[in-house]
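Asks: The chain contents come next:
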Amino acid sequence: MPAIPSGTVEQTGGAAPLLLGPRGPFPRAQLQGVLERRWLHYAFLGRHGDYGMVANIAWLGSPPHHAAARPRNTAILLLHRGGEWCATQYSAEYTSPAWSAFRQPHPFDEPRRLVIRAPAGVAVDLNLSRTSRPCTSQCAPFAEGHHLRWQSETGVVARGRWSFGGDTADDVEAIGYHERVRGYWGWPELGGWVFGFANSVESDAEGRPDTAVVFTLIQPERPAGATTGSVMLWRRGRMRRHFPRRNITVAVRGCMNRNRVTPVPWLASLLSVDPAGRVPQRLAIAARSGADRLLIDFHCSSAARVVVPSETSIQPFSVHEVIGPVSVSGNVGGQAIAFETRGIVEFAGGAHGD
Amino acid sequence: MEIDSAARLFVATVDEIATRAPAISAAAARELHGIRLGLHFGDGTRAGLRSENSFLFASPENIETPDVEVFFDDRSLNLLYDLEHTPVSEVWERSLDVRGERPQVLAAWRTFRLLSQRASGLRAVQILWRDYRDRTHSTWSAPPADAMTFAANPLTPRDTGWSALDFLDHVQPDEIEAMPRLAAPTIVERARMLWDGHRSSAWTDATPISDSDLDATLTACKRAVADEMQRLIPDREPKAELYDLMRSYPMREGKGLRPMLTIATCGALGGRSIDAVRTAAAIELFHNGFLVHDDISDGSTHRRSKPTLHEAFGVGLAVNTGDGMNLLAIDAILSNLSKLGLARTLGLIHEIMHMCRETVEGQAIELGWIRDCIVPPHDEDYFVMSTKKTGWYTCISPCRLGAVCAGETSPELLDRFNEAFRLIGIAFQIQDDVLNLVGDESLYGKEQAGDLLEGKRTVMLIHAMREADPKLRARLTEILRLPRGEKSTSDTAEILTAMQRLGSIDYAIKLADDLAHQGVHRFEEDLRFLPENESKGALRQIANYVTTRRL
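From first to last, the protein sequence lines are chains A and B.
Position one of the first sequence corresponds to residue 1 (my numbering), numbered consecutively onward.
Position one of the second sequence corresponds to residue 1001 (my numbering), numbered consecutively onward.
Please note: incorrect hints may appear among the correct ones.
To be verified - Chain A stretches covered by chain B per the calculated footprint, using a threshold of three residues with CB under 8 Å from any CB of chain B:
| id | region |
| --- | --- |
| 1 | 185-195 |
| 2 | 216-229 |
| 3 | 243-256 |
| 4 | 280-288 |
| 5 | 292-298 |
| 6 | 340-350 |
The set of hints was computed from the structure by calculation and includes no laboratory data.
Model, not experiment: these values are computed from the prediction.
Built from N, CA and C at the ideal position, the CB exists for glycine as well.
Let's have the full structure, built from the sequences with the hints guiding it.
Replies: Printed below as a string of structure tokens:
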């Protein structure tokens, strides 16, 4: 087990002035101000059983009067099993630099390690393997100068140990999704999002899923028309189709039994944060482009409500990590698509109420 | 009643709504306000609908000389409870015909709007109509040949041919489940669009729900709390003399109002219902402990249609079992610590202490009246005693405790529950007292006229003593002085006859109705801060239940 320095921060470049602005969509430039953020996000579902894992490592810029200070760093890990969730606080430790194919490109057949753990015992010790290529970066601009930019890589295979705070499961094989995010946003300005993925169960010898989908819907309150979204389809490791926002429709029905929504981290529950909105029971996304059709039908069965303090408002922002069965069907490029699997969807929002 | 015709379906629907959503039924009755409707259906059957106070009466017979006549053909009838189509955009000319004086036609229209649109989401109503459609194989009739169709509703989502909304509403709609589950939706909602390619609506902006299925929610809450009580009672010796007695007593289930008030208030404030179940079970344990002791004090012989505990096992064991239940209740509250945290658990203890203090004070006042053979002169004296003795632990405290389970401990906010549920609690208690005199014992569960035997100071007794002439008052006082065991059936019959002659029972029914309506008004005013959701809808049904209870 390598030593894990608590709250280690990846070096993000020197203090040289950025005369030509940041280089590329995900620059190595220092985070500026409290609303500038950088994330690495991981979400996996066990190939067998109902294991699920979501982790987020975040860096947040410093306040202006603390310009010399290092960015704040938080990490949280959520594990799901049998309809129950356990989680670390925001102070989980992780191996540094945290695994990512974006900053540390490496071949598909070269597993690399990621450990995230908390003193209380909730932890994962994983070997992560890439099987697919990422999508191009996506960007949602909104409000005045706010933006959220992200890039997804699906078909990531994770093998290793999951510790639930009391007992441990070894040799768990899971498949999932990795994402990097960079942007500048306040939670009330961002509004909310619906984000999710699903990998088909069928895979080749390398563990690469036959089909994978990633979908997004980001709904800022202003300006009018700022809503953006997409559905992306991968076949055998390569992205085959991108349905842009005008070509998708998103609908929900019913609401989840609130008893199946677990607030995390535990501190949020003890401090009695304000209730969030009702999580839908069902989500359908229909995408159409020319002759191509895709339909994603997701049933919410278990959710963890991650309470995120808002830097600029009283209401907390809530990210609901929802696990449930999903069916994907359609026809793309003349090929029929139909599979049923489990997926993870995020219903996020709630900071705009004050 | 077999539902083999449109008229019977309509009557069954009105009855279902009255049982499951008294708030909707009462509101519809108020809109109808004495107007009598004659209903004609496409299958040739007829029905009548009228109101009396807060009650709706539907019958599968024609009403002679109705104020308003309404004709539904099969299509317009189906639209009444169709979640998938908006009636306004679907009804054709001559498919629905309403005739009568203009104000009365408008009142009828408002009544149907409440009965159909507000109640259409009730899961039980949806099941009723789905089964009828399946059984009769009725399909929508074709539009009349010369029908004038209405312009398309601009608010109706466009038909895209490949739309997520169409998929959820038409291609694969949800199955409607009949089984009630704790905090599971009892209202079926239409799908809603978050993004149609041009317009956006946040997933958090769900349409507020203002009603709930009272019957299903009561059943689910009662079952969850009964199970929790069984878990709380230890499985160890001495069983025959203690724990088995505790275990059997709660199984004599009541209506389940308290568990529902606690769980629904927690849900209304955004809490999880499972976080309130243990507290609701603790209240029930306190309640059962109080009842065991109360039955001894009153010398009651029956409770929930069975012999009281002291009648069956003796006073000593009964007192001890009551003490044990109170002890278990405290233990249950304390065991919330690991789940709800320190702040909420302390808040619960504070509320429980207050509830117990009010209850024993109320009991003391009433026992003092009986010992000293006093019948208080004013209804207000009864209100104070009743609120202390039963109002707090039956209505007010369950709500406050549910709010604390959701994390709300602000005294100002908790106090907002007091007045509405004080009024509702008094109304409920008066109705219970009336039922004790005139209700069916098998349904009511207590020995009939038991209150007269024990000399309970009810509103009826207070009214009778107030209205009686000096001679009758002296005679009634003489009977009241007799210990329970020395009162004969003719003594209680004499009191009952006096009450009937003096109009005391009618007075009590009217008083309870007034208090219930005041309670509903305060509920809507004082609890406006609660967001409209299904749990608040359940509380609303409870508040209105008292206005529509059939005595």
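Asks: Taking a Cβ-Cβ distance under 8 Å as contact, does the region 340-350 of chain A have three or more residues in contact with chain B?
Replies: holds (count 3)
Asks: Please check whether the region 280-288 of chain A has three or more residues whose CB lies within less than 8 Å of a CB on chain B.
Replies: holds (count 7)
Asks: Counting residues of the region 243-256 of chain A whose CB is closer than 8 Å to a CB in chain B, do you get three or more?
Replies: Holds, because 11 residues of the region 243-256 of chain A bring their Cβ atoms closer than 8 Å to Cβ atoms of chain B.
Asks: Quick check: the region 292-298 of chain A, covered by chain B? Criterion 3+ residues, Cβ under 8 Å.
Replies: Check passed, 3 qualifying residues.
Asks: Checking C-beta pairs, does the region 185-195 of chain A have three or more residues closer than 8 Å to chain B?
Replies: Satisfied; 3 residues make the cut.
Asks: Residue count check for the region 216-229 of chain A against chain B: does it reach three with CB-CB under 8 Å?
Replies: holds (count 4)
The earlier numbered hints are all upheld by this structure, with none contradicted.
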